[in-house]
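Hey, can you work out the whole structure from these sequences and the hints?
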Amino acid sequence: MQGPWGSDAPRIRPTMGGPLLGPRLFVPEERWGWEFLAPGRAVLSPEANTPPVRQEVYLPANYAQLEVDSKRAWRGLVRYGILTLWLAGLASLIPNKAWIGSAVLFVGMGLTIGRYVMVRNRFKSAKARYESGYKGVDEAFAREYAAWQQRVAEHDRNEAARIAAAMRWIPVRLTSRPSRVDVFGGTSDGWASLLTTAGAASMALGSSVLVLDFTERLVASELVDLAIAGGYPVEMRDAPECLPKVNLLQDLDPADIAEVVAETVHTLQTSPMSPDLRGLHSNLVLVVAQTLEKSASFTRLHAGLRVLRRVYDVESETVLTASEFRKLNSAIDTVGTTDQVHNELLNLTAVLDVLVAEERSAGIVEPESFGAVWPVRGLSVVATHGTAERRKKLLDLTVFQRTLCELRMRRPGGRQVLVVAGADHVGLESLEAMARQARRVGVQLVLLLEHLRDDLQKLLGGSDSVALVMRLGNAAEASAAADYFGRGHKFEISALTIQEGQTTTRGWSRSVGESKSESHTRGYTVGGGFSSGPQGSTGSSTWSGNRANTTTRAQNWQDSWNRSVADSRNESGTLSRVYEYSIEPTTIQGLAPTAFLMIEEGPASRRVVVGDCNPFIAFLERVGPGYPSS
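Residue numbering for the sequence shown follows the working numbering, beginning at 609 and increasing consecutively.
Quick caveat, the hints were computed from the structure, so don't treat them as lab data. Quick caveat: nothing in here was measured; it's all calculated off a predicted structure. All residues carry an ideal CB built from backbone N, CA and C; glycine is no exception. Treat each hint with caution, since some may be false.
Derived BS3-like pairs: lysine-lysine, alpha-carbon spacing no greater than 25 Å straight-line [said to hold, decoys possible]: (1) Lys-743 x Lys-732; (2) Lys-853 x Lys-902; (3) Lys-853 x Lys-1001; (4) Lys-1066 x Lys-1001; (5) Lys-1000 x Lys-853; (6) Lys-679 x Lys-735; (7) Lys-902 x Lys-935; (8) Lys-679 x Lys-732.
So the derived label-pair ranges between C-beta atoms look like this [claimed, not checked]: (9) Ile-940 x Arg-781: 57 to 65 Å; (10) Phe-749 x Glu-637: 54 to 62 Å; (11) His-1059 x Ala-939: 39 to 47 Å; (12) Thr-929 x Arg-845: 27 to 35 Å; (13) Ala-996 x Ala-1212: 14 to 22 Å.
Shown next, in the form of structure tokens:
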């Protein structure tokens, strides 16, 4: 799955509408697309950085002294044992006094052993208390640490579950409830996706949808397929083929007929140097429309204008009745015979030639009114096409002006949506007039405009409107859209400095030393003995001594070398406050076909939403509420 600029769902195809996509799109809630919301980052457990601390168990204050006393008692026991043995040996040399040595041996050893055992027991007791306390603290710390790990792991699992269950695609709705939605830029695939997504939601809410398709790319065909599969009534009409069956002038009074024709001709021939002749055109057509006794049509209107030009053959043509011909013939002097009137009559008849040829292609006597094109429920599509550019534009303008006239005659009420696709050449004045009438009768108007240039830029930010900007490949148009998004202050790195250095240090040292030591030792040995015999007792003693002198000399030298290398790196940056585009023009140029940027002026502040209208997003996981589970 990609980010908010486009999903990896396949592009919608007419053959893929059917029962699978319909239930996911015909949901009764407003929806122009979906906004991708990345789940919030996992929140670190509050205990993650505060693990339990192990309590230290310290040795008793007299532990070291007890250990020293124990060692001293052992050494004293050894020394006293040796001394006792030596004294006992001496005592054994005294005749009849051997028991003294034994007594001294046992008494001395007993006292020494008793002292050692007492000191040793005190040391072992202190050591046992320390080891017992250490083990208890260690076990308590192990239990506390395991409980801490379990709590942190449980928090992480809950965060992972929250992120996995978070809604990532939220339906895009209009909070300001505007009467007009302007869509600038985009491709045929993008428009088809937008119409399918938004149109299906509108029909599910009970709104009827009328689409005027001037693009010749059948941008409403996918919506038609889904509506048919969903059981909604659908009407499709192609102009100029439908003109014999649909009388665009029926149910209009003469003033409305004159208005439709005059506005169509004016928009068709608008140029910077052309004068505004709408008043003259309207008067000429009004004269003919007021004279017609039967229902008006382009054929009868064309014939009446030819009467004013004095080129109508009353003997061979039967379009007009004799009474209508006489009235028009008598009105020739009323309209005037100037060159300008003659030229404009010629111009009007030339414009109507295309429509007259289409009306004459079928012999239908009672065509239906254009009002029947407006659906009461479901979807109606009027698509125009033509081989010549002028002919195609004439059809578009005529259908547009007739729709505008129908809006003027309608009364407020009901839920209706009017979509005009490819309305770039209609003109700003006509678009604003339709927007006013649509707002008056409560019809939501959706304008799909391929470009954002010239007068169309004035539609941006219009009252009671919302703008959707899709891909605008032209750099100037993308810059105009970026200007509308606005600019803002932000901090950018204006300077970045990197300094690197290396320091090498080398050294050498020599040291020479000499030492001299002398030692003197002296010792002596004393011995003696007693003997007894028949002749009496004798005694002897011996003494010996020794002395030694030792002199030691030593000389040493040492050479050492050292080398050290130190690397250093300093990075510094400078931030500057700049005033730049909030959304760069290159971002608008690189939008995905179904992605859009929505700008809505809300009651509190401006709202900018990045959305995607690909209908197949409804099949993805974690789509906003109101959709069947995947």
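Here is how each hint holds up against the structure:
no.: 1; hint: Lys-743 x Lys-732; result: holds (16 Å)
no.: 2; hint: Lys-853 x Lys-902; result: holds (17 Å)
no.: 3; hint: Lys-853 x Lys-1001; result: holds (20 Å)
no.: 4; hint: Lys-1066 x Lys-1001; result: holds (22 Å)
no.: 5; hint: Lys-1000 x Lys-853; result: holds (19 Å)
no.: 6; hint: Lys-679 x Lys-735; result: holds (14 Å)
no.: 7; hint: Lys-902 x Lys-935; result: holds (14 Å)
no.: 8; hint: Lys-679 x Lys-732; result: holds (12 Å)
no.: 9; hint: Ile-940 x Arg-781: 57 to 65 Å; result: holds (59 Å)
no.: 10; hint: Phe-749 x Glu-637: 54 to 62 Å; result: holds (56 Å)
no.: 11; hint: His-1059 x Ala-939: 39 to 47 Å; result: holds (44 Å)
no.: 12; hint: Thr-929 x Arg-845: 27 to 35 Å; result: holds (30 Å)
no.: 13; hint: Ala-996 x Ala-1212: 14 to 22 Å; result: violated (51 Å)
Hint 13 from the earlier list is the only one contradicted by this structure; the remaining hints agree with it.
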